[in-house]
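Please put together the full structure from these sequences, using the hints given.
Protein sequence lines, in the order shown, are assigned to chains A and B.
Taking the numbering used here, I'd label the letters of the first sequence as residues 1 to 464.
Taking the numbering used here, I'd label the letters of the second sequence as residues 1001 to 1458.
Hint data in this document are derived by calculation from the structure and do not stem from the laboratory.
Computed from a prediction, not measured in an experiment: that's the story for all the values here.
The beta carbon of each residue, even a glycine, is placed where N, CA and C say it ideally should be.
A hint or two may mislead.
[Unchecked claim] Short derived list, chain B residues pointing at chain A, Cβ under 10 Å: (1) Q1042; (2) R1057; (3) C1084; (4) L1130; (5) S1134; (6) D1137; (7) F1138; (8) H1213; (9) D1359.
[What the hints assert, rightly or not] According to the in silico footprint, chain A covers these stretches of chain B (three or more CB under 8 Å from chain A): (10) 1060-1069; (11) 1093-1106.
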Amino acid sequence: MLKAQVEEVFNEPGCSTNRGKTDKQRKAGCSKPLTPGAAAGGCAFDGAKIALQPITDCIHLVHGPIGCEGNSWDSRHAKSSGPQVFRTGATTDMGDLDVIYGGEKKLYRAIKAAIARFDPPAVFVYQTCVPAMIGDDIVKVCKAASEKLGKPVIPVNAPGFAGSKNLGNKLGGEALLDYVIGTEEPQQTTLCDINILGDYNVAGELWQIEPLLARLGIRILGRITGDARYHDVTVAHRARISMMVCSQALINVARKLQERYGIPFFEGSFYGVTDTSNALRTMARMLVERGAPADLIARTDALIASQEAKVEVKLAAYRERLAGRKVLLYTGGHKSWSVISALQDIGMTVIGTSVRKSTTEDKDRARTLMGDDGQLYESLPPREMYRMLKDGEADIMLSGGRTQFVALKAKTPWLDMNQERHHAYAGYAGMVALVDEIDKAISNPVWAQLRAPAPWEPSLGEGD
Amino acid sequence: MATVVNARKALAINPLKMSQPLGGAMAFMGVDRCMPLLHGSQGCTAFGMVLLVRHFREAIPFQTTAMNEVTTILGGLDNLEQACLNIHKRTGCRIIGICTTGLTETRGEDLEGDLRLIRRRQPDLAEVELVVVSTPDFAGALEVGWSKAVAAMVGQIVRTTALSRAQQINILAGSHLTPGDIEEIRGMVEAFGLEPIILPDLAGSLDGHVPDHHIGTTYGGTTVEDILAMGASVHTIAIGAQMRTAAEILEAKAGVPFTVLDRLTGLSAVDGFVRLLQDISGRSAPPRLRRQRSQLEDAMLDGHFFFGKTKVALAAEPDLLLALSCFLTELGAEVVAAVASVESPVLAKVPTDVVTIGDMDDFEQAATARGAALLMTHSHGRMVAERLGLPFFRVGFPVFDRLGAAHQRTVGYAGTRDLIFALGNLLIEHAHEAEPGDWALDDEPVTQGGCHASVAAH
Chain A
1 MLKAQVEEVF NEPGCSTNRG KTDKQRKAGC SKPLTPGAAA GGCAFDGAKI
51 ALQPITDCIH LVHGPIGCEG NSWDSRHAKS SGPQVFRTGA TTDMGDLDVI
101 YGGEKKLYRA IKAAIARFDP PAVFVYQTCV PAMIGDDIVK VCKAASEKLG
151 KPVIPVNAPG FAGSKNLGNK LGGEALLDYV IGTEEPQQTT LCDINILGDY
201 NVAGELWQIE PLLARLGIRI LGRITGDARY HDVTVAHRAR ISMMVCSQAL
251 INVARKLQER YGIPFFEGSF YGVTDTSNAL RTMARMLVER GAPADLIART
301 DALIASQEAK VEVKLAAYRE RLAGRKVLLY TGGHKSWSVI SALQDIGMTV
351 IGTSVRKSTT EDKDRARTLM GDDGQLYESL PPREMYRMLK DGEADIMLSG
401 GRTQFVALKA KTPWLDMNQE RHHAYAGYAG MVALVDEIDK AISNPVWAQL
451 RAPAPWEPSL GEGD
Chain B
1001 MATVVNARKA LAINPLKMSQ PLGGAMAFMG VDRCMPLLHG SQGCTAFGMV
1051 LLVRHFREAI PFQTTAMNEV TTILGGLDNL EQACLNIHKR TGCRIIGICT
1101 TGLTETRGED LEGDLRLIRR RQPDLAEVEL VVVSTPDFAG ALEVGWSKAV
1151 AAMVGQIVRT TALSRAQQIN ILAGSHLTPG DIEEIRGMVE AFGLEPIILP
1201 DLAGSLDGHV PDHHIGTTYG GTTVEDILAM GASVHTIAIG AQMRTAAEIL
1251 EAKAGVPFTV LDRLTGLSAV DGFVRLLQDI SGRSAPPRLR RQRSQLEDAM
1301 LDGHFFFGKT KVALAAEPDL LLALSCFLTE LGAEVVAAVA SVESPVLAKV
1351 PTDVVTIGDM DDFEQAATAR GAALLMTHSH GRMVAERLGL PFFRVGFPVF
1401 DRLGAAHQRT VGYAGTRDLI FALGNLLIEH AHEAEPGDWA LDDEPVTQGG
1451 CHASVAAH
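If you want it as C-alpha cells, here you go:
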C-alpha cells in the first residue's frame, strides 16, 4: 500500500519536472538514490511531520522508538496564533519488548491516553521504520481508535526508509486528502476563500501575508498547514482557489483538490517584492474568474502600488549600504530564484545559487535572473564553499543551518534562510526585514576584528 | 537512598530521553579525525545532527548509511561498505565510529561479519579504524550509547603492552561532562605533573575553536594513537558510573587499575579526586588548587543562604542527576522531584525519596505536586518552566536556547564555585519579596465585636 502511494506521488502529473520525463523515467521516481556516507537530509517521516505538525490544536503522536521523536521534538519553528498542543512531544517510545511482541496495543493505549489528556479535535499518528518493519498496522489501529474513541485518528504512513523529506511532505499531504479534507463543512463560505498550501508559518511568515489578504477581503479558508486548526484543514474543499507556496512539496494536494473539487491552483511565492505582487495579482485574477467581484483586481492593484511605494522608500535607505555587495545563496527549491530578484532589487550581486531541490523551471528562472555572472550549483562541497568564502568571493552567505559553520568558520557573515530560521521574511514587510538582517550581518564590526591578525602573527602591513 | 520507579506508560509526553545511537555518535565526536556514522535511515543522522548543531553551535561531522526500503529488506552490507569508502575518500578520516540504530537492529544485521567482509574486500581501508557499537534506539538512552561507544573503542583499539609510563593516566569521561568540564579536569590532572589521556575529549573537538582551514572530520579530540597507548597508563579514573564498563575492559585487557568517581561536583567529591591525584602522582596539591578550594569554601559560605530548604525539581541522565542532586543537597537544598531518562545503578544513591524513570510530563507533574521552586533540566524543559512560571536552570544536553553550553563548567573546585554563583543568582533574582498579605490569618475563626464594635458605637 505504501509502495503504491509512493509510486503515485512520484508519478505526479501536476509536477512540471515530471511532465518533461518519459514514462520510464517517471516510474523510476524523482528521488535520486542517496549515497551512503555522503548524504545529508531528513527522512520521509521528518518530511511528513514538517508538513502536518503545524496543525496547532492536534496531538502528533509518533509510533516508534525514542530516536524518532526524542531526538527531534521542539525543533521546528512553526508558529501558532492560539493552541500550543501541537508542540507537545508525544511518542510510544517503543522498547525492546514492543519490538518483539508488536506495538499495536501500546499504540492504541497511547492514542487513548492522548485523547483523555489533551482532548484534541484529532490525533495524527506517524509510522516510523521499526514498527513498519515488524508489521504494526497503524491504519488498522487508527481506524479502531477512531471508531471506539469517537475522534478522527489519522494514520500518516511515511516511515523513514521510504525516502527523502520531500517524499514525506507529499505522503503527509496524501494523509490529509485521504482522511481530513472534506470531512467537515465551513459555517459559511465567501467568493474570496482561498487555500494556502505548503506554507508552515515558520517564524510567523503567514502573519506577514494575512494583513494584505484581509485588506482585500480575501480569506484563507483552508490552511495546509501553517497556523491551522484541524477544522481549517477539513474545509479546504470549499475554497475557490489554491495557492501552492513551497514549490513542489504539496503539488499532489493541489492537483487532487482540483480533480476532486474543481479548485484551480497556482504556484507562487511571497519572497521578494516582485513575487509577492505577482502572487497577489494572480490570486485576485483567479478569484474573479471564479466569480468574485470584479473590483477585486483594481483594489489589489491599488494595494500593491501603495505597498510597493512604501517598501521602495524603506529599501532605498539600504541600497546605498548594500549595492554591489556579493551574495552566495545556498537554499534550493523556489527560494533559489525568488530571493535572487529580491536581492537584485536593492543592487546586490548574486554570485551563485544552489538548485538542489529546484525544478527545471526554477533553474531557468535563476539562470535568467543572474545572467552570465552567477553560478548554478547542483552541489557545492563544503571544502569548496569554505575556500570561496575565505577568499572573499562573497560578502555574505544565505543558507540553511547545515552550512552555517562553513561560513562562520571562514569568518564570513551568514544568514539563516532555512526552516529553522527565527526571522520572518515573507511579503513586503518580510523583504524589509530580510534586507535589514543582511545589513545587520554585513555591517557588524566583529568581522574586521576577527580578520585582524593575532598578536603572534605578522601584521598585514609588515614586510611592505 | 531513593526508590526507583519506572513510569512505564504507553504514551511518553515531552520526552526527556534521547536515543542510544546519538550518545554513541557524540562519544566518537571526542576522537580526532573521526567520522561518526549511523547505520540506519538518513533521518536518524539528520535529527541527531540538528540537535548537536543547536547545542554546540559547531559544524558536526556525522554521516549515515542511508538505508532505504530495498536495503532494509535485503540487508545493509553494501550501504555500510559504500559509506565507509565514501567517507574515507572524501575526508581522509582516521577512524569511523559506526553505531547501529533501531532499523538495523530490528533487521538483525550481522555487523561483525559484515565488517570482516569489508576488511577483506577493501584494503584501502586498512589504515582506518572501524569501530562498531550496537546501539538500538529501542533500548537505553544517550548516556548508555555513549558508554557503549567508549567501551567499544577501548576494547578494540587499546594495545596490550608491558610498558608502563609512570606519569600517564587515563581519564574516561562520561557523557555529562561538557568541553568546559574536560578542560577543567585536564588542568587539575596536569597540575600534579601527570599526563592525562582523556577519552572522549570533547574539549579538543567541540570547544568552539576556529581552525584555519576546512576539515571534513572532527578536528581535535583524543587521537587514535593516544587510545592505542592507554594500556601503558598507571591508572584509569572513570568519571561517572557509566564509564565503569570501559574501565573494567581496560583493566582486563592491559592491566591498568581503575577508580570510578561517581561525580566531580561539590567540595567532598572534588576532595576525593584531589586525594586520588595526590596518591597517583606522589605530589601534594599545588598552590593554585589550594587557592581554588578556599574560593569554593567562601562561595559556599556566601551562597548557602539562598540554597537552604529550596525545593528543586531535577530531570537528567543518571550520572548528571546524581552529581547535581548531591551538590544541591550538600548546600541545604531539597531535591523534591527527580526524573531520569533510563535505569542506572546510581539512581538509588540520589538523595531524595523517589526517582522516576520517565519524561518531562512526569517532571512537570512531580514539580507541581511537590511545590518545587526551581527547575533544572535540559532545554526541552522550557515549556514546563513557562507553564509553571518557575525559574529554570538549563543543564545537560541539549541546551539549544542559550549561548556557551559547551563551556558551562560544573566540575572541580572552580566549576562547583561557578555553579553556586550561577544558581544562587537565579534564586536571588526570583526570591520572594514580602507582601502585605503574606501573613494573613487564614486559619483563625473571624470573631464579631471587640474594637470594631466600639468604633461603631460613636
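So, going through the hints one by one against the coordinates:
{"no.": "1", "hint": "Q1042", "verdict": "holds (5 Å)"}
{"no.": "2", "hint": "R1057", "verdict": "holds (8 Å)"}
{"no.": "3", "hint": "C1084", "verdict": "holds (7 Å)"}
{"no.": "4", "hint": "L1130", "verdict": "violated (12 Å)"}
{"no.": "5", "hint": "S1134", "verdict": "violated (12 Å)"}
{"no.": "6", "hint": "D1137", "verdict": "holds (4 Å)"}
{"no.": "7", "hint": "F1138", "verdict": "holds (4 Å)"}
{"no.": "8", "hint": "H1213", "verdict": "holds (8 Å)"}
{"no.": "9", "hint": "D1359", "verdict": "holds (8 Å)"}
{"no.": "10", "hint": "1060-1069", "verdict": "holds (count 7)"}
{"no.": "11", "hint": "1093-1106", "verdict": "holds (count 4)"}
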